[in-house]
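Undergrad: Sequence:
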Amino acid sequence: MNLIGARIIEKIRQKITEMNADPVWRDTIMDYETKLAEEREYGEEKGILSATVNAIKKIIRRNRSYGVSDSKTLEDLTEDYHDSVSRDQIEQMMKEA
1 MNLIGARIIE KIRQKITEMN ADPVWRDTIM DYETKLAEER EYGEEKGILS ATVNAIKKII
61 RRNRSYGVSD SKTLEDLTED YHDSVSRDQI EQMMKEA
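Residue 81 in full-length UniProt numbering sits at position 81 of the sequence shown, with consecutive numbering throughout.
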């Protein structure tokens, strides 16, 4: 690496060290990173729920096309997805499908 590049890198490292020593800056960055992590987690949860709802609706349609009763489908879906959605939510999806 040439001398100019080394100087630039050293200035960047020095600035980072100064910024990290500033408690206000650290708190601001930590708050920002925490908010980003929370939003990312929320987005993941929302995406997982959306995929689950789509899967349930697909199962409802497929079961109906195979002649499976709605009561049997509701029973099976409630058992399989009880940790993700409530029985009432599944019943609502069945009305919408």
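Hints may be right or wrong, so weigh each one.
Pair by pair, the computed Cβ-Cβ distance ranges are [as the list claims (entries may be wrong)]:
| # | residue 1 | residue 2 | range |
| --- | --- | --- | --- |
| 1 | His82 | Glu18 | 50 to 56 Å |
| 2 | Asp80 | Ile16 | 46 to 52 Å |
| 3 | Ser69 | Glu39 | 23 to 29 Å |
| 4 | Glu38 | Asp76 | 50 to 56 Å |
| 5 | Glu39 | Glu10 | 57 to 63 Å |
| 6 | Thr17 | Tyr42 | 44 to 50 Å |
| 7 | Ser65 | Asp88 | 21 to 27 Å |
Hint data in this document are derived by calculation from the structure and do not stem from the laboratory. Beta carbons are placed, not taken as given, at the ideal position from N, Cα and C, and that holds for glycine.
Undergrad: Look at each hint and say if it fits the structure.
TA: The hints, checked one at a time:
{"no.": "1", "hint": "His82 - Glu18: 50 to 56 Å", "result": "54 Å, holds"}
{"no.": "2", "hint": "Asp80 - Ile16: 46 to 52 Å", "result": "50 Å, holds"}
{"no.": "3", "hint": "Ser69 - Glu39: 23 to 29 Å", "result": "42 Å, violated"}
{"no.": "4", "hint": "Glu38 - Asp76: 50 to 56 Å", "result": "35 Å, violated"}
{"no.": "5", "hint": "Glu39 - Glu10: 57 to 63 Å", "result": "35 Å, violated"}
{"no.": "6", "hint": "Thr17 - Tyr42: 44 to 50 Å", "result": "34 Å, violated"}
{"no.": "7", "hint": "Ser65 - Asp88: 21 to 27 Å", "result": "24 Å, holds"}
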